[in-house]
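Once you have looked at the hints, place chain B on chain A.
As given, the protein sequences belong to chains A and B, one line each in that order. Read in order, the letters of the first sequence are residues -9 to 436 in our numbering. Read in order, the letters of the second sequence are residues -9 to 436 in our numbering.
Among the clues, some could well be false.
Just so you know, same-sequence chains aren't split out, so a pair can sit in one copy or run between any two.
Stated by the list, open to error - Here are the simulated BS3-like pairs of lysine-lysine, each with C-alpha atoms no more than 27 Å apart in a straight line: (1) K113 with K32; (2) K86 with K113; (3) K341 with K380; (4) K336 with K86.
Note that these hints are calculated values from the structure, not bench results.
There are 2 protein chains.
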Amino acid sequence: MLREVDVLIIGGGPAGVETYRALAALRRNKSLKIELVRREEKSIVPCGIPYTGVSVPLDRNVIPDARLGIRAAIDVVTEVDPDRGVARTAGGTTYKYRHLVLATGSVSTEPRFEGSDRAGIFKVVKDLEYLRRMWNYIRQARRVAVVGGGPVGIEFADELRRMEREVVLIELMPRLLPTAFDPEFGELARAQLVELDVDVRLGTAVVRALGEGRVEAVELGDGQRIPVDAVLWAAGMRPDTALAAAAGIKLGPTGAIAVDRRMETSHSGVYAVGDCAEKAHFITGRPVWFGSSSLAAHEARIAAGSILGLEWEGGGALCALITVVGDIALGRVGVTEEEARQAGIKVAVGKASAVDKHPPELPGARNILAKLIFNASDGGLIGAEVAAGKHGGEIINILAALVRRRATAREVYLGQFATQPWVTASPIAYPIIRAAENAIVTHGLR
Amino acid sequence: MLREVDVLIIGGGPAGVETYRALAALRRNKSLKIELVRREEKSIVPCGIPYTGVSVPLDRNVIPDARLGIRAAIDVVTEVDPDRGVARTAGGTTYKYRHLVLATGSVSTEPRFEGSDRAGIFKVVKDLEYLRRMWNYIRQARRVAVVGGGPVGIEFADELRRMEREVVLIELMPRLLPTAFDPEFGELARAQLVELDVDVRLGTAVVRALGEGRVEAVELGDGQRIPVDAVLWAAGMRPDTALAAAAGIKLGPTGAIAVDRRMETSHSGVYAVGDCAEKAHFITGRPVWFGSSSLAAHEARIAAGSILGLEWEGGGALCALITVVGDIALGRVGVTEEEARQAGIKVAVGKASAVDKHPPELPGARNILAKLIFNASDGGLIGAEVAAGKHGGEIINILAALVRRRATAREVYLGQFATQPWVTASPIAYPIIRAAENAIVTHGLR
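So that you can see chain A by itself, here it is in the shape it has in the complex:
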């Protein structure tokens, strides 16, 4: 069957769905024909996966097609010919498109230890059936090892404790959240997990899974064996570029699909958005890979603009992220102090802590820690990290707006923010302002 479409979108995750939705919302020519092809009957909400153990029913953790006005063709694109503007599917459809959007997402890396073929060893797979089997297995387990101390790993550990499993969390680096946060924030995450009775092992790796058919223990680098009934590999995702690579579309140095600021690939009329696409870091300009649904949705809107001729350009990836563990939310945006130093940027750091209600004696008050990273040469805000109670999750997005405008320390300090006893720190202690003041005073920024 031959189908001619204006826009063909491959992939039904946040990137593909938001491209479709934004195109439909923004198009002026209502006859623009958009088709989304995806493999799965229902698309999973990727960030929700760790919470489908007990917090939310698995079959509710799906992207609501109908509410978003999406009609998807359930099929598998097997081949793309970007020179001829043609794509073919396993179901026998040949698409002729004017614009192609690759939104093929990311997949888990493979477990990097021996014996990973044993039953009871799982990866983060964005597939309802796989996850159903995984949770059913884990519900029979008493003790679970989570491998990987990044956001996904700590969120799984948190949920597994809600399920009253015994949890051991194993991270290769000597700290938690090693690639997303500076050490003091990883330490806050560790303290929360320890409080939740998670057995946190840092600076060590699983080298081997042991057991007869089913996993019964993992062996660490020092030879120690930990009895477990299940293992969850949460130590990394990678862009799914198989289709693009086979089509001769250029990949970047990170291995993801290379795109320009309009999200266009090496082939005119072919776009890549979301986890399959490489990003230019907003601050350093360097190519990075940063798996993120919110960044995917942003890129989808840029691509929709490009397809509609709106001349929109992204400014690069802010790399904003929130993760939650126990009662705290940890957010980051721009560069961490460590990332800035690695990029050769001289930094001026300001920190402040505050209580998220005022007076602090109001019930339910929690601590906020804010860290602002300025470029010491021009005083511009290049990054921020925040730890707060759950109701401070949005604080990182205030900082995202400020990093995006490259606000100076003085501009941040002279910002105006609303405060209210139940929902924010006091006007005198407001942590963003006090962290800017700390940078100004400590580093002589003006």
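Positioned in the frame of chain A, the structure of chain B alone reads:
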């Protein structure tokens, strides 16, 4: 007694305290001599006053002098001579100052009904002893009338319900929050109060208090009598300018002390900050009075910069505010749609609603309503209003950062924000972005 100081601050509320604290933090010359004179032994946290009925002990709702490094002289300044740089106190001190900061705050208006001298009729007075008497009285009451449906009135009504009093809330205008929010947000507040079993009376006024010595009822404009045991007048504050006016310092058209962008008054070396000072509206440029602790603290930092020769200038008042009623937080910044129209600005409004967790089936999820007000001629964001669960309180501060940079609809739409299942809306439904999209699509902004 004669005391020579570099900076004399009159008033111990957030404006005065933050001026002191910021001066001390930012000064390079550590011998700069700062003195703060205030009337009260302990300074109350003004925004916390409504919550001292039961949520927080009254004597904990005070500004923590010691923690902030503030030493205050407890005295009353009776006279200022700005030409000679001298101030005199009731306690017999004559201050000779180089810089004077007026931070005299605001006081309640007087009840505008007959019989307001009866026992059991209270105002919002920033004084521990007064408030102690008020709460003791109210604890004996069964039914309380709150007069005024602005933020302070609805916050008191909320707290009085927590105290299990019967509450009738009376607002002259036909809607709640009439001067701070557009009608749809006032309606959300009303619905919350009704859910809390508050008897909300709109478009009517108390004309008379009845009773023998103690108040026993209030009479409304239509002659209806409502039996009550206490009345709380929460229908307006006004700047306290007595000292400034007597000293010949110029007041502005709103009746507050006129200041320039450096917070300096008509008299060189004399500054006014906080509720006693007039503001220039950030968007309209018009003189406004806007009582707000967070704005007061901002102005205090500007004044500290002026005194220290840092050449800081405020850009005008963003008029950002959060209020809480029941389970929802309502925030506004810049101008409301109504304020924009009154100022003759042609507006392009975008709205969106979303759920504050994703998937929405996660426990505790609540609705968010976001309204963005753009200037139709240049597409710049000039105002925003948000209603959200308490953990969305900070969302208005993201918008405060965007209004301050005069972001266009497109810049807002192409913003990057972090999302996480427990603490934000989904990346596809993120309400700030969807409201910007709504404005772009509805009004053809680009």
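How would you label the pair K86, K113 (within, between, both, or neither) given a Cα cut-off of 27 Å? Neither: 36 Å inside a copy, 73 Å across copies.
Between the shortest in-copy and the shortest cross-copy C-alpha distance, which are at most 27 Å for K341 and K380: within, between, both, or neither? both (20 Å within a copy, 25 Å between copies)
Tell me, please, which holds for K113 and K32 at an alpha-carbon limit of 27 Å: within, between, both or neither? within (19 Å within a copy, 59 Å between copies)
Alpha-carbon proximity context of K336 and K86, limit 27 Å: neither (51 Å within a copy, 45 Å between copies)
Hint compliance for this structure: hints 2 and 4 are broken, all remaining hints hold.
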